[in-house]
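S.K.: Residue-level listing of the chains:
There are 2 protein chains.
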Amino acid sequence: MTHYRQSLISLFIMLFPFAAQTSAQENRIFTLEELIPGGKEHDQYVPLTAATYQWQGNRLMVIENDSVWELINTEGKSRKKLQLTFAGISGSPAVKEQRVNHLTFTNEEETVILTTDSGIGTYDLKNKTVLTFFNYPEKSENHSLSPSGQYLAYTKANNLYLLDSIGKEHALTNESDRAIVCGQPVHRNEFGINKGIFWSPDGNKMAFYRMDERMVSDYPLVDASARIAVVKPEKYPMAGMTSHQVTIGIHDTRDGKTTWLKTGEPADQYLTNIAWSPDGEDLYVAHLNRGQETMQLKRYNSATGDEERMLFSETHPKYVEPENPVLFVRGSQDRFIWQSERNGFNHLYLYDTHGNLLKQLTDGSWEVTEITGFDEKGENIYFLSTLPSPIDRHICSVNIKSGKITQHTTLPGIHTAQLSYSGRYLIDHHTAHDNPGRIDLMDCRTGKITLLNKADNPFAGYRMPTVDVGTLKAADGVTDLWYRMVKPADFDPAKKYPVVIYVYGGPHSQLVNNRWRYGSGGWETHMAQKGYILFVMDNRGTAFRGLAFEQATHRRLGTIEAEDQMKGVEYLRSLPYIDSERMGIHGWSYGGFMAINMLLRYPDLFRVGVAGGPVIDWKYYEVMYGERYMDSPQENPEGYEKSSLLNRAGELKAHLLIIHGDEDPTVVLQNTLQFLKASIKAGTHPDLFLYPGHGHNMIGPDRVHLHEHITRYFENFIDRNSP
Amino acid sequence: MTHYRQSLISLFIMLFPFAAQTSAQENRIFTLEELIPGGKEHDQYVPLTAATYQWQGNRLMVIENDSVWELINTEGKSRKKLQLTFAGISGSPAVKEQRVNHLTFTNEEETVILTTDSGIGTYDLKNKTVLTFFNYPEKSENHSLSPSGQYLAYTKANNLYLLDSIGKEHALTNESDRAIVCGQPVHRNEFGINKGIFWSPDGNKMAFYRMDERMVSDYPLVDASARIAVVKPEKYPMAGMTSHQVTIGIHDTRDGKTTWLKTGEPADQYLTNIAWSPDGEDLYVAHLNRGQETMQLKRYNSATGDEERMLFSETHPKYVEPENPVLFVRGSQDRFIWQSERNGFNHLYLYDTHGNLLKQLTDGSWEVTEITGFDEKGENIYFLSTLPSPIDRHICSVNIKSGKITQHTTLPGIHTAQLSYSGRYLIDHHTAHDNPGRIDLMDCRTGKITLLNKADNPFAGYRMPTVDVGTLKAADGVTDLWYRMVKPADFDPAKKYPVVIYVYGGPHSQLVNNRWRYGSGGWETHMAQKGYILFVMDNRGTAFRGLAFEQATHRRLGTIEAEDQMKGVEYLRSLPYIDSERMGIHGWSYGGFMAINMLLRYPDLFRVGVAGGPVIDWKYYEVMYGERYMDSPQENPEGYEKSSLLNRAGELKAHLLIIHGDEDPTVVLQNTLQFLKASIKAGTHPDLFLYPGHGHNMIGPDRVHLHEHITRYFENFIDRNSP
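Chains A and B are the protein sequences, given in the same order. Numbering-wise (this note's numbering), the first sequence opens with residue 1 and increments by one. Numbering-wise (this note's numbering), the second sequence opens with residue 1 and increments by one.
Derived from the structure by calculation, the hints contain no laboratory data. These figures come from a predicted structure and were not determined experimentally. It is possible that part of the hints are untrue.
If several chains are the same, the list does not tell them apart, and a pair holds so long as it fits within one copy or across any two.
With a cut-off of at most 30 angstroms between alpha-carbon atoms, the simulated DSS-like pairs for lysine-lysine come out as follows [stated by the list, open to error]:
(1) K232 to K404
(2) K530 to K681
(3) K681 to K40
(4) K681 to K473
(5) K653 to K530
(6) K653 to K40
(7) K318 to K473
(8) K377 to K126
(9) K156 to K257
When you get a sec, could you build the whole thing from the sequences and use the hints?
M.R.: Rendered as C-alpha cells:
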C-alpha cells in the first residue's frame, strides 16, 4: 500500500540541478558515478533546495547548518539575525539529549515542530522551550503529530496507536488479521492519497483510514537474499478482480472513542480526499464509484458518523479523478475551493458548504497545477499554472472577489512558491533550461526580486551535449507535442548519429519542460557523450495539457501513444544527421510498456530497446490505476487484447533487454515472466536482467550499475542486427 | 522430492541415435529443430531402443506396433511367430475397453503386465485372459502393482493407498499434514532411491517410505503463469540445515496392519537401498549417518519391525555412497551380492545373511557399472564393466564358484544387456562412435551374434562435423583424462577457429565415452556447423574412474576440476588452428557452476560463457548431495568460502549469460539471484535469461529455443570484448 502512483513516472525524471564543480578542461567526460543519483561522486552535485527557507508568519527564516537565522522580520525589514541553534535545543533534557536534525516552522504560530533521528516534538520560539517531545516507539511508522503537539499518532504493523502527552500508548485499533490495515494510505496511493491519518485543525480528533484486504489476492514477492528465502505476500488487486474495502474512523482524543463514518455501499467504492471543516466538526470525503465515472462530495458529521449532505457530484463517461481535497478559504467557515477538470482543464471553483457553486475562479485552455496558499485575509489565492506555456509553471494569484488573475513571475521556467502569511512575499524557486536553480525573495506587490541563493552550472567551462526543445504535430494532425533533443557536444550535421528515444508516455507525466536542460537527465548526458542523439517527446495521454489530451488513450492504452511517438520517429528519420538504421528506444514502467509496444508495432524501425519494469498486459496491473484507463477486462476485453504485448511477442525483431526488480510491488514480475514465456513460445529472443531485492525502481548505488548495464546494451547492439 | 539426482547430469548427454533420413546432398545444414530433443523435426530421429525386445523366460519376444511376436521359442529355436495382439486384449471387458499400450514380460512367469493409458493389470499368456485390471484412481501417482497382480498401491497427495482385487480402496496412511509424505521417494532421490513402495516377492507385504518434512524449511517457488500467481513451497533442506526424518512402514495385506521398523536414532539418518529377503520375511536397509562416513547394513524382521542384525558396516573418512540394494543370488535364501567401492573401485562381493564376507567376486582398477542378472542356476552373474577401457562398457560375467570372469562382447563401445532366464542368450544393445545403435541376439556360450535391428546413420551422405577423442594428463601430471573434440566438416588446419568448451565436471557423470559420435550431442553439431570447434573433457571428480578419482574434489568443489579443465584449455591454446582469443565455455547445473567458476578463476582466457541452472554457493544446495561432497558449512567453512562464486563475482570480464528455470526445484533460483546481486555490488555485468514455468532443465519445444538462445549469445560475443 505504500507505493506511490508517482513511482510509475519513474526516477528518470528526477530533477537534476547542481551546485558545485567547475574546472578549466574543455572536454571532460562526466561519469555515471557523477551523473546518476546514488553514484559515488553524485553527492557533490547536491540539488539546490528551497527547503532551508521557511516562513514563520511573515518572518523569513533560513536554516544554515544547525543555525536558524531571521532574514526578514515581522516589520518586513531585511536583516540577518541569529535566532537559535539546533545545539541549543539538543542540550535540553526534554529531547532526551538527542540531536535535533530539523525544525519545521508554521506560518501562523510561534510553535515549531522539531525532529530528531528518533523522535518529534514542539518548540516554543518565543520562550525557547521544548513544549512536548515523543520518542518514536519501536517499529512504529507513519508518525503524525497532532496540531497541538499533544499527541503522536503512528502505526505499528497493521494497527494504529496514539502516544499521549504523558507518554502512554493507546491502541486505537486492534486488528489481529494483518490483512486489515489501519492508519495507512489506501487505494494504492491513487487519487492523491499519501497518508492514512488526518488530524482535525484543533487536534481534538483524528480521522483515519481502515482498509480490509482480506478478500484481495496476494502477489507472492520472494526475498531470496534471506538465508532461507521468504515469501512477502503483497495484497495486489488486479484489474477486474475483487478489490479491498475502505472505511474511515474518527477517534476523539477527549473521550477516547472511535466513530465510524456511515459511508455505505458498495463496499469497494473509493473514499478519497479527506478534509476537515475548519471547526473540526465535519469531515469531507470525495466518494468515487469503482467504475470511476462519478464522484460525489459528501460531508459527514464527525461526532455521529452520519452523512450530512451530498454537496455535489461530478461525472464523466470516461472517468473523473479527484486528487485534491476541499480547501477552505482562509478565515472562512463556509466557503472552500474545489479543483476540477470538469470543463476540460484543471481549474478552481468556489463553493459554499451547502454545495452551491459560487463561482468558477479560473478558466481557459491551461491548468492550475497546484494551489500555493492564501493571503492573510483570504482574498487572493496563489497557485501555479501552465500559463502561458505548458512547459512552464508560473506563480499566479486570483482575487476571489474580482476574479482578476495576476501572474507574479515573468521569467520562463518552472517556478514553485512558498508564501508568507500575509501573502505579500514569497520564496520563488526557479529553474529553466539555462538555469540550474535559483531562489528569490519576491515582493508580490512590487514584483521586486531579491536573490537568496543560486546553483552554479556544474558543467560551466565544459563543452556539453546541447539540449533543444520544439513541437511536432501529433498523429491527429492538430495537437502540438513537445519534444527535447540532446546532441553530442561536438555535433556535426554532416555526420550520421545513432539515436535513442527515451519514452514514458503515460498519464500524470511530463518529461519535457522548461527546467534545467529541459529536464534532460544524467543518462542522456552520458549517452550523448558517447555519440548518441537522445529524443524525448510527451505524447497524448500525458499530463498538464487538459482532459481531452489525457483521455485520448482511454480504453486503448498504447495505441494513440504509439501513433504519436511514430511522429517523432518520422521526424527523426527525416533529419539528415540521424542514422535511421541505428535507432533505439528505452523506457521504464509505463515507458517500459511503451518501449516494447513500439518495438512490436514497428518491428523494422528499431535495432535496440531497453524496457524497465514494464507493464506487459494491463490485466496484471492494479485496479485503481488500471480500471481508470482501461475499464475492467470484463468490460473491455477487446481493449485489453489489443493493448496486450503478449499477443505480439512474435513480432520482436530488435534486441530487447527487459529489466525488472525481482521484488517489484508496483508492476509485478509476472508481467515480464509472461512476456518471456510468450516470446519463447513464439520463437523470439528478448534478453533479461533482474535487480534482486529491488522494487519498481533501482535506487542507491545500484542505480549507477543499472545505467551502465543499459548503456552497454545499446553499445553492444546499436550497430548490429540480430544473429 | 521427485527430482532425480540424475537431473544434475543434465539432458545434454541424452543419447542421440537416429533411425531415419538420408539424402544425396553433401552439405546440408541440420537445424536445431532436427538436432534437439523437443524439436519439431526431431521426432523423425527416433532413438533405437531395445525395449521392444523382451525375454519371457527363455523365449524372445518382440513387440512390433500392436503385435507380439515370438522370435526364439522355449527350445532355443529361432522362428517368428505371432503370439497375440494388443487389440485382442483391448476388446476385453476386463480392461474396460481401454486401448492396451504396452505389455511387460517377466523372465520367469506366464503372467505379463499390461498397461493402458489409465490403468494397469495382468494377463495370462497361456490362457489368453486378463487376470486383473485396475483403473488408476483420480489424481493417483506412483502406481505399483503387487507381484501377484492382486493389489495396486499408489499415492494421492501425500498419502498411500491400496486398491484390492475387488476394487476397494484402502488408505494405508492418513497424514493430514502435507509435510509428511508416504509412499514416495525420499532423501531427494540420492543413494539410488527412485521409489517409495517396495512389494515383497510374494506380494503379501509392502514396505514403504514415510518422510516427515515438517522441520524442513520451504523454498518458495512461484508459479506466475497462474492468473493469480501462486507459491508452490518446496521442502528444501540446505546444507547444514535441519533435514527431514524418514521411517519405513511394512503393510501386511493379509491382516491390513502396518508395522514400523525400529530404525532408531539419529532421526535424520538416511535409510537407503531397501530390499526384501527372498522369503519375504526380512527387510534389508543400508543405514547411512548424516555425515555419510559410515554405512551399516541391517536386517529387520518385517513382522515385528525389530532389528535382527547389523550385518556389516563400511566406513570412509570422506564418504561412502551405497547405491545398490542387496541382491540375492538366484535360488539362494542365504547369499547375496553387495556392490561396494571399498577397495577404490566399484566391485562385487558375495555375502551370507549373517554378514560374513564369503568372497570378493571382482577386483581391479576398473568398475562394475551395473548388474544385469543371473543365469538360471545362479552360478554366473552378468554385469557391465569398464573393462578394458573406461570409455567402453562390456557385458561380462563372473562365475561365483570359480571367480572366472568372461567378457562376452568384443566390439568396443557401450553395451547394455537383457538376459534370458537361462543366461544362455542375451540381447546386446550396442552403440559406438561409428555405430548409431544396433541390437543383437548373442549366444553367450558360442559368442554367436545375430543382428536383430540396426539404426541408420542419419547423417549418411553428408559431410558432417568430425568427432575425435583422446587423453590429456590431469593437473596431477599422472591421471589420464578423456576428451572429445568436434571439428567443422570443412575443417582446415591452416585456419583459426573459435572454440567452445562444454563442461559438466561433477560426480556421477561421464560426457566422453564410446557411444555414437563419442556422445557428442545435437548442439555440438549445430555449433560445428557454424564454424566452432567444441571441446569436452571429463575432469577428476567425475564417474567410472574409481573412488580416488571422484573424491579428489572432496570439500573443495571447483578447485581440482578447474585445474584439470585448464589442462584442456592449455592444450587447445597449443593447437595452431585454435583462436585463443575466441574461447567460450558452456555448462549446465554442476556444469553451470563450472562454467562460471572457470570464467572467474581465469578471467583473461574466455570471451563468452553460458551457465544454465548453476550452483553458485554450495550452501544453497541440498543436504544429501551437498554434504557428501562438501561436508556442512559448519564443518567446512573455508571450503565453502573458497568454492563460492559470490566472492569472486567482481572478477568477471567475459560476457556471461546465466539461464535458469524460474521454478527450478533442484538448483533453486536463489543461486542465480544472489550471484546477480554480488555482481551488481562488484560492478560487473553478467546477463540473464529465465525460462518461466521450467524446472532444472528445459524440456519439450522450449529446449530448441534454449539452444537457439545459447547459440545467439556465442554468436553475438565470441568476436568482441565487453564494451
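S.K.: Regarding K653 and K40, is the shortest C-alpha distance of 30 angstroms or less found within a copy, between copies, in both, or in neither?
M.R.: Between. Shortest inter-copy distance 22 angstroms satisfies the 30 angstroms Cα cut-off; intra-copy 37 angstroms does not.
S.K.: At 30 angstroms max between alpha carbons, let me know whether K653 reaches K530 within a copy, between copies, both or neither.
M.R.: both (25 angstroms within a copy, 21 angstroms between copies)
S.K.: Are the CA atoms of K318 and K473 at most 30 angstroms apart within a copy, between copies, both, or neither?
M.R.: within (25 angstroms within a copy, 76 angstroms between copies)
S.K.: Tell me, please, which holds for K156 and K257 at an alpha-carbon limit of 30 angstroms: within, between, both or neither?
M.R.: For K156 and K257, only the intra-copy Cα distance (20 angstroms) is at most 30 angstroms; the inter-copy one is 54 angstroms.
S.K.: Is the C-alpha distance from K681 to K40 at most 30 angstroms within one copy, between copies, in both cases, or in neither?
M.R.: So K681 and K40 pass the 30 angstroms test across copies only (13 angstroms; inside, 42 angstroms).
S.K.: Give the relationship of K681 and K473 under a CA distance limit of 30 angstroms: within one copy only, between copies only, both, or neither.
M.R.: Neither. Shortest intra-copy (38 angstroms) and inter-copy (45 angstroms) distances fail the 30 angstroms Cα cut-off.
S.K.: How would you label the pair K530, K681 (within, between, both, or neither) given a Cα cut-off of 30 angstroms?
M.R.: between (36 angstroms within a copy, 24 angstroms between copies)
S.K.: If the cutoff is 30 angstroms on CA atoms, where do K232 and K404 land: within, between, both or neither? Let me know, please.
M.R.: neither (54 angstroms within a copy, 65 angstroms between copies)
S.K.: Evaluate K377 and K126 at a C-alpha cut-off of 30 angstroms and name the case that applies: within, between, both or neither.
M.R.: This pair counts as within: shortest intra-copy Cα distance 25 angstroms, inter-copy 110 angstroms.
Violated hints for the displayed structure, listed by number in ascending order: 1, 4.
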